[in-house]
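**Student:** The residues making up each chain are set out below.
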Amino acid sequence: EAAVTQSPRNKVAVTGGKVTLSCNQTNNHNNMYWYRQDTGHGLRLIHYSYGAGSTEKGDIPDGYKASRPSQENFSLILELATPSQTSVYFCASGTGGNQDTQYFGPGTRLLVL
Amino acid sequence: GDSVTQTEGPVTLSEGTSLTVNCSYETKQYPTLFWYVQYPGEGPQLLFKVPKANEKGSNRGFEATYNKEATSFHLQKASVQESDSAVYYCALDQGGRALIFGTGTTVSVSP
Chain A
1 EAAVTQSPRN KVAVTGGKVT LSCNQTNNHN NMYWYRQDTG HGLRLIHYSY GAGSTEKGDI
61 PDGYKASRPS QENFSLILEL ATPSQTSVYF CASGTGGNQD TQYFGPGTRL LVL
Chain B
1001 GDSVTQTEGP VTLSEGTSLT VNCSYETKQY PTLFWYVQYP GEGPQLLFKV PKANEKGSNR
1061 GFEATYNKEA TSFHLQKASV QESDSAVYYC ALDQGGRALI FGTGTTVSVS P
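Taken in sequence, the protein lines are chains A and B. For the first sequence, counting from 1, position 78 maps to 78 in this note's numbering; every step adds exactly one. For the second sequence, counting from 1, position 105 maps to 1105 in this note's numbering; every step adds exactly one.
FYI, nobody ran anything at the bench for these hints, they're computed from the structure. Hints may contain errors.
[Unchecked claim] Here are the simulated DSBU-like cross-link-like pairs (lysine-lysine), alpha carbons at most 35 Å apart as the crow flies:
1) A:K57 <-> A:K11
2) B:K1056 <-> B:K1028
3) A:K18 <-> B:K1056
4) B:K1049 <-> B:K1068
5) B:K1068 <-> A:K18
6) B:K1028 <-> A:K65
7) B:K1056 <-> A:K11
8) A:K57 <-> B:K1049
9) B:K1052 <-> B:K1068
10) B:K1049 <-> A:K11
11) B:K1028 <-> B:K1049
12) B:K1068 <-> B:K1056
13) B:K1056 <-> A:K65
14) A:K65 <-> A:K11
15) B:K1052 <-> A:K11
Owing to the predicted nature of the structure, the values given are computational and were not obtained by experimental measurement.
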């Protein structure tokens, strides 16, 4: 029973279209994160949240919005998708604070044509 | 700002040989240091973490020592197996904000 799940696992979108990536966690963690993974860049933080109703900008937020409607769910929204947003996206959850271990989902592979 | 630099890959090894993945970091804080491992088709998972300088972490035969003076946290394993083929990420925390990851090192072990 995976604690962090993501949907969809694969997505093909068109340039200019709207894309929503969803994440659900059953860890009851306060913090949730969205990263993208690209060769040569590793994992880069897009948005994060400290709890329901909270969203914060990470290191590369441009072109992305986030929504945290509940403790369990955290979405990443691409209002106008561009080919440069083709990537693998990972959601993670954690308790927050020092020494926090983050638990990652399996990832969503997004291709924007 | 905070940063993490690690060995550029790919690193290709034969089973039974030793592995070292270098990691160095920059920060003005006193971070916890992490090694994460990512197997094909999966998300990263914690290998181990070390919260204090001069302490060693270890798991599954891997180990790393938090060297505050040298600002390093090199990952080592004495004898690798094919199942160790994965991407390895060094990371540091930002006091609860999020983790700063290195670019990852792909390790391929041939039988």
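**Student:** Of the hints stated earlier, which fail here?
**Tutor:** 3, 5, 7, 13, 15
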